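Enquirer: In case you want the letters, here they are:
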Amino acid sequence: MNDILTIILKDTFTLTQLKTRLKALKVYLIKEFFGGDIEQSPSDLNWLSNLPQSLYQQFTKDNVYKTFEDIEEAVHTLPVLTVYLTFEPNENSLYQIGSFVRKLYATSLLLDIKLDLNLLAGCAFVWKGVFRDYSLRAKLEEKKPEIINNFKKFLR
Amino acid sequence: MLELLQQPAILISSIITLIALSLYFDEYFERKRSSETQKKVFQDTKQKSAELLQAAEEAQTNLLSEGNFVTKQLIQEYSDKLSDLIKNSGNSINSAQGQLIAFMEDLQKRSSDFEEASKISTEKRISQLFEHLEEKLSDFLIQTEQKTATSIELELKSVRQLIETYKNAQLKMIDENIIAMMEQTLSIILTKKLSLKDQLDLVYEALEKAKIEKFIV
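Taken in order, these protein sequences are the chains called A and B. Take the first sequence: its letter number 58 is residue 58 in the working numbering, and every next letter is one higher. Take the position in the second sequence, starting the count at 1, then add 1000; the result is the number in the working numbering.
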């Protein structure tokens, strides 16, 4: 089960991605084992086609549901870093940020990406329930007295 | 004649005629006597009336003559008394006139004296009043000058305070809004000017800083 999750997490960096991809894999396998005509998106099919054969071999008709239950339980235990961004990242940006995070921290770290335009630039994080702002807004707030004094020099 | 007696109707008629004649003559004489009596009574009455009238006229004449005398006497008396009265009244009026003239002269004199005294008193009071007024005016001017100076000072102080308050309020408002204005301006500019690479670099920088600060462990 851990092998499966490790394989999936190699190119899956966000919580949303993980949930979507797990759902796609589940749908695909159920269709394979039990039949059905549920259509899947090209991006899902593309991702599924890039998965190693060894992963598929771990699923059987009998364990498919149980294995997914275990995977979902394991997902709940994964560390999640909430990242507030000032732009909406595309797949490539997510890959770049995710890779950087994985390189810098743990390989199993998941990102929960959220949008906050009030940050102006940069980002803010929530880690284990604690918020920390590393954005330009925080820097402005930090330098507020200095900025006001500079403005006052012009006003007086 | 026998023939007549033999006819009773004629006899009766003759008797009745005789009786009627007798009664007529009797009545005639009776009336004649009465008329004469009446005539005599009338004559007497007329005479008596004339006598009475004469007596009355005499009496009236007497009365009139007596009345005229009394009237003349009364008029004389009244005339005398009226003359006395007029004479007395004239004296009284003359006396009263004299008194009135004397009173008026006295009054005039007093009025003149009073006027003189009043004039002197008024002049004195006016003089005092002017002196007093001069003093008051001088005091008032000094006080007004002092008050005006104080008032101007207070007004200036108030205006200065007002300017200071306004200035502080404006500066406070600017202080409060400078950052918001800057944020808004930066938000507009950075959205357009900041590239994806720059954005990603800022994220990497933040991640590294978080690691240095051991925020993410």
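Think of the hints as simulated: they come from the structure by calculation, not from any bench. No experiment lies behind these values; they were computed from the predicted model shown. Heads up, the beta-carbon is just placed ideally off N, CA and C, and yes, glycines get one too. Some hints could be false.
Among chain A residues calculated to face chain B with C-beta under 10 Å, some are [stated by the list, open to error]:
1) V27
2) L29
3) F33
4) F34
5) F87
6) I97
7) R137
With a straight-line Cα cutoff of 27 Å, these simulated DSS-like cross-link-like pairs (lysine-lysine) come out [stated by the list, open to error]:
8) A:K153 / A:K143
9) A:K143 / A:K103
10) A:K144 / B:K1193
11) B:K1119 / A:K139
12) A:K10 / B:K1147
13) A:K152 / A:K19
14) A:K114 / A:K103
15) A:K143 / B:K1214
16) A:K144 / B:K1124
17) B:K1197 / A:K10
18) B:K1039 / A:K144
19) A:K144 / B:K1211
20) B:K1172 / A:K143
21) A:K152 / B:K1167
22) B:K1211 / B:K1197
23) A:K128 / B:K1193
24) B:K1147 / B:K1136
25) A:K152 / B:K1211
26) B:K1124 / B:K1136
27) A:K19 / A:K31
28) B:K1209 / A:K10
29) B:K1214 / A:K114
30) B:K1209 / A:K114
From chain A, some residues computed to sit far from chain B (all C-beta separations above 12 Å) [claimed, not checked]:
31) T16
32) S43
33) S54
34) N63
35) K66
36) V75
37) L81
38) F100
39) L140
40) E141
Enquirer: Work down the list of hints and note, for each, if the structure agrees.
Expert: Status of each hint after checking the structure:
no.: 1; hint: V27; result: violated, 33 Å
no.: 2; hint: L29; result: violated, 34 Å
no.: 3; hint: F33; result: violated, 40 Å
no.: 4; hint: F34; result: violated, 42 Å
no.: 5; hint: F87; result: holds, 5 Å
no.: 6; hint: I97; result: holds, 6 Å
no.: 7; hint: R137; result: holds, 6 Å
no.: 8; hint: A:K153 / A:K143; result: holds, 16 Å
no.: 9; hint: A:K143 / A:K103; result: violated, 32 Å
no.: 10; hint: A:K144 / B:K1193; result: holds, 23 Å
no.: 11; hint: B:K1119 / A:K139; result: violated, 96 Å
no.: 12; hint: A:K10 / B:K1147; result: violated, 90 Å
no.: 13; hint: A:K152 / A:K19; result: violated, 52 Å
no.: 14; hint: A:K114 / A:K103; result: holds, 21 Å
no.: 15; hint: A:K143 / B:K1214; result: holds, 23 Å
no.: 16; hint: A:K144 / B:K1124; result: violated, 82 Å
no.: 17; hint: B:K1197 / A:K10; result: holds, 23 Å
no.: 18; hint: B:K1039 / A:K144; result: violated, 172 Å
no.: 19; hint: A:K144 / B:K1211; result: holds, 25 Å
no.: 20; hint: B:K1172 / A:K143; result: holds, 17 Å
no.: 21; hint: A:K152 / B:K1167; result: holds, 12 Å
no.: 22; hint: B:K1211 / B:K1197; result: holds, 21 Å
no.: 23; hint: A:K128 / B:K1193; result: violated, 33 Å
no.: 24; hint: B:K1147 / B:K1136; result: holds, 16 Å
no.: 25; hint: A:K152 / B:K1211; result: violated, 37 Å
no.: 26; hint: B:K1124 / B:K1136; result: holds, 18 Å
no.: 27; hint: A:K19 / A:K31; result: holds, 18 Å
no.: 28; hint: B:K1209 / A:K10; result: holds, 25 Å
no.: 29; hint: B:K1214 / A:K114; result: holds, 22 Å
no.: 30; hint: B:K1209 / A:K114; result: holds, 20 Å
no.: 31; hint: T16; result: holds, 17 Å
no.: 32; hint: S43; result: holds, 21 Å
no.: 33; hint: S54; result: holds, 32 Å
no.: 34; hint: N63; result: holds, 35 Å
no.: 35; hint: K66; result: holds, 33 Å
no.: 36; hint: V75; result: holds, 19 Å
no.: 37; hint: L81; result: violated, 6 Å
no.: 38; hint: F100; result: violated, 6 Å
no.: 39; hint: L140; result: violated, 6 Å
no.: 40; hint: E141; result: violated, 7 Å
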